[in-house]
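Asks: One letter stands for each residue in the lines below.
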Amino acid sequence: MKKQDKIANPYKIIKAKVAQVSDETPSIKTFSLELEEELGFSTGQFIQLTVPGIGEAPFTPSSKSGVSKKMDVTVMNVGVATGELHKKKKGALLAVRGPYGNGFPVEKLRDRELIIVGGGCGIAPLRSLIHEILSDRTRYPKVTLLYGCRSPQDIIYKESYDNWQQQFELHRTVDKAHSGWDENEGVVTDLFERIDVDTKTCAAVVVGPPVMMKFSVKGLEEMGISGDRIYVSLEKNMTCGFGKCRHCMVGPYYVCKDGPVFEYSRVKGVPGVWD
Amino acid sequence: MQHEINTFKFLSLKLNQILNTWSVDNLVFVPSDKGLLIRYNEGMKIYWDEVPVWTGVKEFVFPGRNMVLGNEDFPKEKPIILVGVRNCDLRALINVYDNIFLKEEPADLNYKKLRERLLLVTVDCNNPAESCFCVSTGGRPYTENGSDVNLSFVEEYVTADVFTEKGKELFSDFDLKRASEKELQKREDRRTTVTSKISKNYELKYDKDDLGKLVESNNDENYWMEKSTTCMQCGGCNFCCPTCYCNVLNEVSRKKTIRKVLQWDSCQFPGYARVAGGANPRVKLWQRFKNRYYCKFTLMPGEFGICGCTGCGRCIQTCPGEIDIRDTLRGLKDEKTG
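Chains A and B, in that order, give the protein sequences.
Start counting the first sequence at 1; every next residue gets the next number (the working numbering).
Start counting the second sequence at 276; every next residue gets the next number (the working numbering).
I should point out that these hints are in silico values taken from the structure, not numbers from a laboratory.
Note that the coordinates shown come from a computational prediction; the quantities given were computed from them, not determined experimentally.
One thing to keep in mind: the hints can contain errors.
To be verified - Straight-line C-alpha distance at most 30 Å; calculated BS3-like pairs for lysine-lysine:
| no. | chain 1 | residue 1 | chain 2 | residue 2 |
| --- | --- | --- | --- | --- |
| 1 | B | Lys488 | A | Lys218 |
| 2 | A | Lys12 | A | Lys90 |
| 3 | A | Lys70 | B | Lys530 |
| 4 | B | Lys559 | A | Lys268 |
| 5 | B | Lys441 | B | Lys461 |
| 6 | B | Lys387 | A | Lys15 |
| 7 | A | Lys257 | B | Lys388 |
| 8 | B | Lys531 | A | Lys70 |
| 9 | A | Lys69 | B | Lys531 |
| 10 | B | Lys531 | A | Lys89 |
Between the sequences and the hints, there should be enough to build the whole structure, so can you do that?
Replies: Set out below in structure tokens:
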């Protein structure tokens, strides 16, 4: 009993200051946070970010995993909490708790040809994975990075692609191009014909808006990549973060603790998975 | 751990004296005429037969609103003795709430503090309501373990089964006789009669695998739409349910103190599963309506080892749309078996 008395409050937060705000697009900003205490996370895990007095929302950090007082979170302005967050300037007080969930199965991605498919703001968690890959480059024989978003203005991490282009096979596409865009125009699955890997052994990671993920996994399966080598990061309404509130459940899974990263074969056909 | 069960007996008149003694060092709650558990005062009338008890154990361990961050002071307070808890609520508390908030990591500190404060005195149901159907979902209208003490009213006597050390202490000031074989037999007969009465309220027996699969595999939109025609999405069924625990964290920070309030939520609310971007896995009412059954009959048995419906019947009595959970389940069976 004595030992049990020491259980921690699972809702405990760590206060965080906004150290820097980077405008990625008109609706997406990256907040670099300075935490009061160290916090460790693995790539693909998520945290709950509190905007004091307003609300809380789950985000996967876009910075490199590990134990640190620093963390980047890339946020699209889509609702109440994110709207208020976007008004925050350098020095503003926020709070984080976590990390929660499983993260990307790095050990299953290593030593394989890897396809990474990102859509819109979905490149944010993938940026953390890309950091992971770059820090352990020799373990990833070939990385194909496909990125799609609405228009050239909507591309985030604009400063990163030169470097990524040198490290990976990079293809980008936009739904609607304008003059000066000499890359692909169309949806991200249009880029699949450029993939040149052994589909019998490769792995794929897909993160983006639900409809983009739905068609991407379909396309990848049609190329012969089996669902147990395709990993998706699901976006559901994670409220508590650790399996006590049931908001994020799809089928029998708690996205917060069984996910957010799933082998596609596990969630294929589960009602509501892409809604 | 098998604890030797002592069964005392005393005249029901003596119960007031016992409650008075308990009230000295504890906060004692008893059932009122409205079926609420309220603070006991000497001389007040206690309504032992009112079912369902509207305030179940739920509100004592999982209050409708509870500050879970920003309020870490837990002053030492008197223990609470809940007298008149029903077995349907006890089963939910032990199998669902204790599991999710204590055994499943991470344990919830706030729940633990409230839970440890409670002593549970259960009571046999002698006068079940028409809406009671605990027997059909794997329960019984009396308690044989899990509480601290169980009281059974048998004619002019009360028998008291003492299950725990805490329960034993409650009776240490009284010189009580052991219940005789004859009295225990009378109690047994009564329990059998009540059990059989309740089982007639709902004939479809809960079977772990059977009912869960029936709910899961029924994707007939029309069926769920028809059953949810009168649903007003008020969430009443969730809030009165002893196994429902869906909750939402509300942000109530002041200045530099981060505070969070945990509040009951309902899976019947349209925004329950919606994400900020607008995606919603259960955007239609019938999908949310079905999800409630899927959660209770398909998911919870696997997660908690019991049916997520304890058959307390509160949702049946609460629903302003007069939706009867038994009717929905009965329809599933009919449809499949013809």
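Asks: I'd like to know which numbered hints this structure contradicts. Please list them from smallest to largest.
Replies: none
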